[in-house]
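Q: Residue numbers (the numbering used here), protein chains in the order written: chain A, 1126 to 1289; chain B, 12 to 313.
Please keep in mind that the hints were generated in silico from the structure rather than gathered at the bench.
We treat Cβ as the ideally placed atom computed from N, Cα and C, and that holds for glycine.
Just to be clear, a hint being listed does not mean it is correct.
To be verified - Simulated pairs of lysine-lysine, DSBU-like, Cα-Cα distance not exceeding 35 Å:
id: 1; chain 1: A; residue 1: K1285; chain 2: B; residue 2: K287
id: 2; chain 1: B; residue 1: K291; chain 2: A; residue 2: K1286
id: 3; chain 1: B; residue 1: K291; chain 2: A; residue 2: K1285
id: 4; chain 1: B; residue 1: K217; chain 2: A; residue 2: K1229
id: 5; chain 1: A; residue 1: K1189; chain 2: B; residue 2: K287
id: 6; chain 1: A; residue 1: K1183; chain 2: B; residue 2: K35
Said to hold, decoys possible - Label-pair ranges, simulated between beta-carbon atoms:
id: 7; chain 1: A; residue 1: D1197; chain 2: B; residue 2: N25; range: 24 to 34 Å
id: 8; chain 1: B; residue 1: G203; chain 2: A; residue 2: K1253; range: 31 to 41 Å
id: 9; chain 1: A; residue 1: F1271; chain 2: B; residue 2: M295; range: 27 to 37 Å
id: 10; chain 1: B; residue 1: Q121; chain 2: A; residue 2: R1281; range: 44 to 54 Å
id: 11; chain 1: B; residue 1: P245; chain 2: A; residue 2: F1271; range: 40 to 50 Å
id: 12; chain 1: A; residue 1: L1248; chain 2: B; residue 2: R118; range: 48 to 58 Å
id: 13; chain 1: B; residue 1: P245; chain 2: A; residue 2: V1272; range: 16 to 26 Å
id: 14; chain 1: A; residue 1: K1253; chain 2: B; residue 2: R118; range: 23 to 33 Å
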Amino acid sequence: MKELLIIRSVSFQQLDKNLAAIAKAYPDHRISILTHEHGVMLAQKYRQVNDIYVYPYKEGFKLKNKVPVLKDKTFDVVIVPVTNITGAGFFNVLLFSLGLKASKRVLCNVRSEFKEVRRFSVLCLGLKNLAISVLSSVSTAVLAVFVIPFLPFKLRNLEKKGEL
Amino acid sequence: MNTPLVSIVSICWNRKTDIMESLKRIREIDYPNLEIIVVDNASTDGTPEMIAAEFPDVRLIKMYKNIGIEAYNIGFHNARGEYIVILDDDSFPQRDAIRRMVDKFERDPQLGVVAFDVRNFYDYDDVKNDAFEGTGQALGETAATAENYLLAFNGAGAGVRRDLLEEVGFYPDEFFLYWNEQDTAFRILDRGYTIKFFADVVSYHKYSPTNRSSWRAPFYYTRNAFWLIWKNYPLEMAIPLTVSLIRECFYFSMEQKTMIYLKAMVNAFVYMGCLKGKRKPVSMEIAKNLRIPFNVSFTFYR
């Protein structure tokens, strides 16, 4: 039996939809899920899921956040579900998936359409996003000069009187 | 088992077929003491007429225009139940959910919100393990919690103590759409109550992101993320979070080639005056531990 891992990067409502399509598209695979701690009890309710691994962090999926329990695991397919059509806004999850040992990484969009994403294309996307990241940091720094000095004053001004 | 009055509160806006199906399913709920309130946001597709004709037992409250989530507050204000169940117009609780919810509230006086496990109406029954949900109580502990962080709840299925909701001031009407549950969650947690998801308390939702028109979700999620920060976080967290969110607005605008996030950011700053008197920073413990996935704002556009 081949091994398939779903990174739970979307709500359970969407995963309910995606899971049926994943099971159909990969019938000879044993399905496991990686989810935040609060998702374990909810993921256990899936009939087709065998193992549930805990992503032991509060924040979203990031390359720097390693999952010790997956260190020695190898998967034939890692699925990254996304809440839109293109996967925009999910680069962090794709990048995280590079830290897992997998033969294939596949994006599963909101319509349950599958698209294989090769390591090389994730890295190319990473270079493009690095350039965007630098530009956005510069833009933020410029804006921050005008906004941040006044923000503490503005926020204090918004406070509810008599309850602090 | 004690069966106190439970008020189900839903709002609707031009979703006649969805609300009709939800109300039919609500009729099948196994609980003897229910009050159903629907606040119509000035639908023009015949929704209020349909509700009045086919569901005479429902308390229908009509708005003269679409006032967004503020309509919930009208419903909450009119609710008489000890507990309020919050639903979307396209969601409804599973048959046993209300009974199980009441049981959990009655057992734990510090439980402020029973967050339902909100599932996909179209697909969930095909993928679920029937044995797991079972009779609920046979499962033992069903709370889906985390050791190191706190959770908010989903407005497509949540039960809350009515007196607590009144105490914290209902939903933030200035938000219009989205992040309102998280804002309310901050205030509920700040009052010393807990919010817990339960695997055996299920709500079905007609999950379909195509229902979200292209600009509304990214705009309101992004704008309200700023307001959520400014209303609830202590200054030492609010400033760096604001900077980080500004950076993400620039980043995702460039990544997705759209101006919607920048427009939402500008709107947040221009109209921040509407938060006057509404900022009440929570404790550092709650601010640090409540899990708010701000990046959700940037995942709906394409």
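Q: Hint by hint, note whether the structure agrees.
A: So, going through the hints one by one against the coordinates:
no.	hint	in the structure
1	A:K1285 x B:K287	holds, 8 Å
2	B:K291 x A:K1286	holds, 9 Å
3	B:K291 x A:K1285	holds, 6 Å
4	B:K217 x A:K1229	holds, 32 Å
5	A:K1189 x B:K287	violated, 39 Å
6	A:K1183 x B:K35	violated, 39 Å
7	A:D1197 x B:N25: 24 to 34 Å	violated, 53 Å
8	B:G203 x A:K1253: 31 to 41 Å	violated, 47 Å
9	A:F1271 x B:M295: 27 to 37 Å	holds, 28 Å
10	B:Q121 x A:R1281: 44 to 54 Å	violated, 32 Å
11	B:P245 x A:F1271: 40 to 50 Å	violated, 23 Å
12	A:L1248 x B:R118: 48 to 58 Å	holds, 52 Å
13	B:P245 x A:V1272: 16 to 26 Å	holds, 19 Å
14	A:K1253 x B:R118: 23 to 33 Å	violated, 53 Å
In summary, the structure is inconsistent with hints 5, 6, 7, 8, 10, 11, 14 from the numbered list given earlier, while agreeing with the others.
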